[in-house]
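With the hints as your guide, set chain B onto chain A.
Protein chains in written order, with numbering that gives the first Met the number 0: chain A, 0 to 372; chain B, 0 to 372.
Think of the hints as simulated: they come from the structure by calculation, not from any bench.
Not one of these hints is a red herring.
Now the in silico label distances, taken between C-beta atoms and shown as ranges: (1) A/D300 / B/L71: 19 to 25 Å; (2) B/E316 / A/T157: 49 to 55 Å; (3) B/E316 / A/P183: 49 to 55 Å; (4) B/T307 / A/P126: 24 to 30 Å; (5) B/E147 / A/P126: 26 to 32 Å; (6) B/D122 / A/Q227: 20 to 26 Å; (7) B/F188 / A/K53: 50 to 56 Å; (8) B/L71 / A/T307: 29 to 35 Å; (9) A/H326 / B/E192: 55 to 61 Å; (10) A/G297 / B/T113: 18 to 24 Å.
C-beta atoms are modelled at their ideal positions from N, C-alpha and C, and glycine is treated no differently.
There are 2 protein chains.
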Amino acid sequence: MAKKTNQSIAERDARTQKKIVELAQAISKMTLSGREPQLSIPTRTKSNTVWNRKKGILEMGDGTADRPLFDLKTAKQFMQTMLHASTIKDLIEAGKTSSLRGVFYKAKHTVAGTKENTFDTQDESDPILEDLEVALAALREELHVFAENRGSMVGNITIVDKGDEIDCRRMGSGGYALPSIVEPDVIQFKKCEAKFILHVEKGTVWNRFNEDRFWEKHNCILTHGAGQPPRGCRRLLQRLNQELGLPIICVLDNDPWGHYIYSVIKQGSISLAFESTRLAIPEAKFLGIRAKDFRQCGLDDAVKIDLTDNDIKRAREIAAYPWFEGHKGWQKEIQAMLTNGFKMEVESLITKDISYVSEVYVPERLKAKDWLD
Amino acid sequence: MAKKTNQSIAERDARTQKKIVELAQAISKMTLSGREPQLSIPTRTKSNTVWNRKKGILEMGDGTADRPLFDLKTAKQFMQTMLHASTIKDLIEAGKTSSLRGVFYKAKHTVAGTKENTFDTQDESDPILEDLEVALAALREELHVFAENRGSMVGNITIVDKGDEIDCRRMGSGGYALPSIVEPDVIQFKKCEAKFILHVEKGTVWNRFNEDRFWEKHNCILTHGAGQPPRGCRRLLQRLNQELGLPIICVLDNDPWGHYIYSVIKQGSISLAFESTRLAIPEAKFLGIRAKDFRQCGLDDAVKIDLTDNDIKRAREIAAYPWFEGHKGWQKEIQAMLTNGFKMEVESLITKDISYVSEVYVPERLKAKDWLD
Numbered sequence: 000m001a002k003k004t005n006q007s008i009a010e011r012d013a014r015t016q017k018k019i020v021e022l023a024q025a026i027s028k029m030t031l032s033g034r035e036p037q038l039s040i041p042t043r044t045k046s047n048t049v050w051n052r053k054k055g056i057l058e059m060g061d062g063t064a065d066r067p068l069f070d071l072k073t074a075k076q077f078m079q080t081m082l083h084a085s086t087i088k089d090l091i092e093a094g095k096t097s098s099l100r101g102v103f104y105k106a107k108h109t110v111a112g113t114k115e116n117t118f119d120t121q122d123e124s125d126p127i128l129e130d131l132e133v134a135l136a137a138l139r140e141e142l143h144v145f146a147e148n149r150g151s152m153v154g155n156i157t158i159v160d161k162g163d164e165i166d167c168r169r170m171g172s173g174g175y176a177l178p179s180i181v182e183p184d185v186i187q188f189k190k191c192e193a194k195f196i197l198h199v200e201k202g203t204v205w206n207r208f209n210e211d212r213f214w215e216k217h218n219c220i221l222t223h224g225a226g227q228p229p230r231g232c233r234r235l236l237q238r239l240n241q242e243l244g245l246p247i248i249c250v251l252d253n254d255p256w257g258h259y260i261y262s263v264i265k266q267g268s269i270s271l272a273f274e275s276t277r278l279a280i281p282e283a284k285f286l287g288i289r290a291k292d293f294r295q296c297g298l299d300d301a302v303k304i305d306l307t308d309n310d311i312k313r314a315r316e317i318a319a320y321p322w323f324e325g326h327k328g329w330q331k332e333i334q335a336m337l338t339n340g341f342k343m344e345v346e347s348l349i350t351k352d353i354s355y356v357s358e359v360y361v362p363e364r365l366k367a368k369d370w371l372d
Numbered sequence: 000m001a002k003k004t005n006q007s008i009a010e011r012d013a014r015t016q017k018k019i020v021e022l023a024q025a026i027s028k029m030t031l032s033g034r035e036p037q038l039s040i041p042t043r044t045k046s047n048t049v050w051n052r053k054k055g056i057l058e059m060g061d062g063t064a065d066r067p068l069f070d071l072k073t074a075k076q077f078m079q080t081m082l083h084a085s086t087i088k089d090l091i092e093a094g095k096t097s098s099l100r101g102v103f104y105k106a107k108h109t110v111a112g113t114k115e116n117t118f119d120t121q122d123e124s125d126p127i128l129e130d131l132e133v134a135l136a137a138l139r140e141e142l143h144v145f146a147e148n149r150g151s152m153v154g155n156i157t158i159v160d161k162g163d164e165i166d167c168r169r170m171g172s173g174g175y176a177l178p179s180i181v182e183p184d185v186i187q188f189k190k191c192e193a194k195f196i197l198h199v200e201k202g203t204v205w206n207r208f209n210e211d212r213f214w215e216k217h218n219c220i221l222t223h224g225a226g227q228p229p230r231g232c233r234r235l236l237q238r239l240n241q242e243l244g245l246p247i248i249c250v251l252d253n254d255p256w257g258h259y260i261y262s263v264i265k266q267g268s269i270s271l272a273f274e275s276t277r278l279a280i281p282e283a284k285f286l287g288i289r290a291k292d293f294r295q296c297g298l299d300d301a302v303k304i305d306l307t308d309n310d311i312k313r314a315r316e317i318a319a320y321p322w323f324e325g326h327k328g329w330q331k332e333i334q335a336m337l338t339n340g341f342k343m344e345v346e347s348l349i350t351k352d353i354s355y356v357s358e359v360y361v362p363e364r365l366k367a368k369d370w371l372d
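So here's chain A without its partners, still in its complex pose (with noise of 0.2 Å):
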């Protein structure tokens, strides 16, 4: 059985629970009046992305796409939404949770009296779940999937994660592992010190800056989601910006893909626009490693790695997505690192020293408040 730390999960799954049987129940009711049976699935595409400039947010348009059961075209979608809502209740009456491929093994079956499986690949699993939690309008920690965990955590707070009370403080070398499911049911923060959040790329920086123990020193929490942040860590992000008011600073490559995980972090993304009031940190910035740092921190040749066509188009790209399109200061530092002609990554600080990006690079511009916003 799955620990329930309070009342509020069960709530929340009466919610989740009543939509479902809601949706059960519009399509019984179409088939037993005779009318063709059909779900209607908000499109999650660019073109029903719309940038929300005042909140600083994608945001999901209006758009929807109908998916009707006698179409040889989207029967198949039509069955397969069906089995994952169906599994989805099961998993809320049981009181447990499935990771995203546990959900399509759960579905996957071979049609009785066919050769035909309802699923073949995670691939047709997956959109499918994406589908279920815009149509519900319920998140996928709702519906009780979870990803793969990713990411770990230390610093001057103390959080509850399912009744266990977990310091920060004091999580050794390895640290907090972060869950995919972060909702206010399951981690609650206590008391926290931290001034800021300190969020890195990757877990091998991580760990410079852990042993240096910079988050005792900058009175902050550090954290890393190895590589592009799952959603369970920037749901975290966002809930230690909104809750406790931290601000987010960002240490990430000086490449397109730097560029891009932070966009992600700050706006959202395409994919997930629908989620974005609860992942999107508008107040992300973005400290480094800037374009100018291989000068302005006298680095060899040698960091200099390259910049393929292929990241020659992904730079332009993101220049001209609507949130970095008005913006000065981003236009100067897609231009700069293009100039530049190479991308530099954060490791590429080690050739100044071995702590230089926790001792000297990230406390200089922590005080110059020198950062992309």
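Showing chain B alone in chain A's frame:
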């Protein structure tokens, strides 16, 4: 400053430092006496790997290769080896550790007066570090170098990590993130009631067992290594096995990759044969997924994943490993998979029930001691 927990780190560092200085002195002596400077590096190849049947582990033979400075083929590697030795000396003196990528960057620079870089890619750098490990007979941890952190742990044990006491019974849904360096001077074991360790392949499967509080009901420790477990995870499992006498029970996929992961946990790998004595766990057991499970558990056809030509090739290679070759149970197991013609993932058991794996499958097999070893 890195936090040091006891005197033994200083002693270990002094030993490693002495080895590096002796290496440098030997080179300088050759040079000053007019002889050609050269290094002698133990070879890490299959042909220099010996299967120690008695110990049940792979070991490195005593073959070595010379690496002279005045040879176009080896001059660059000679220089790279000396550069990395110098970086490691700096790391040890500073009492700091670095990632593999960090060490690469530390040594990466353009040779003065040329357009030539000391290193171009990390692919050149990592093997040089392994050369140094074997040449100095010092482990990567002793060289102050870590890999990416990977894997999590929960269960009935309290550990001390860099002086922080971590109660793995109270780690919520996230767990304790396994660090890369888990030597006794960093991590000590305190109170442990657990009677065994259940090691699963993936984080998502680990979530299932953690959510069902498997470790509490069965008084054990629950770990995963996010796929092929990294050194830190393997070393921690070995220490728990050797120092606390805990059996290691593995739940991996029924495919050549799962079998390979098991063989690495159990007997070590060719590329790290020099490390087997501190990584391999000859007593490790393979509980499942077994080829017989499709029939025995009554699974649906849809969970079958066809074996590819490459899978079949890998299965035959693994069956011919000396440590599997003489094992009737494993010969039968691999043959059964080939006869099935398909592989199965741990997640396929979810088609029975969400918690079938944690509440029926593993408990039944544990009770019947139904495993391969």
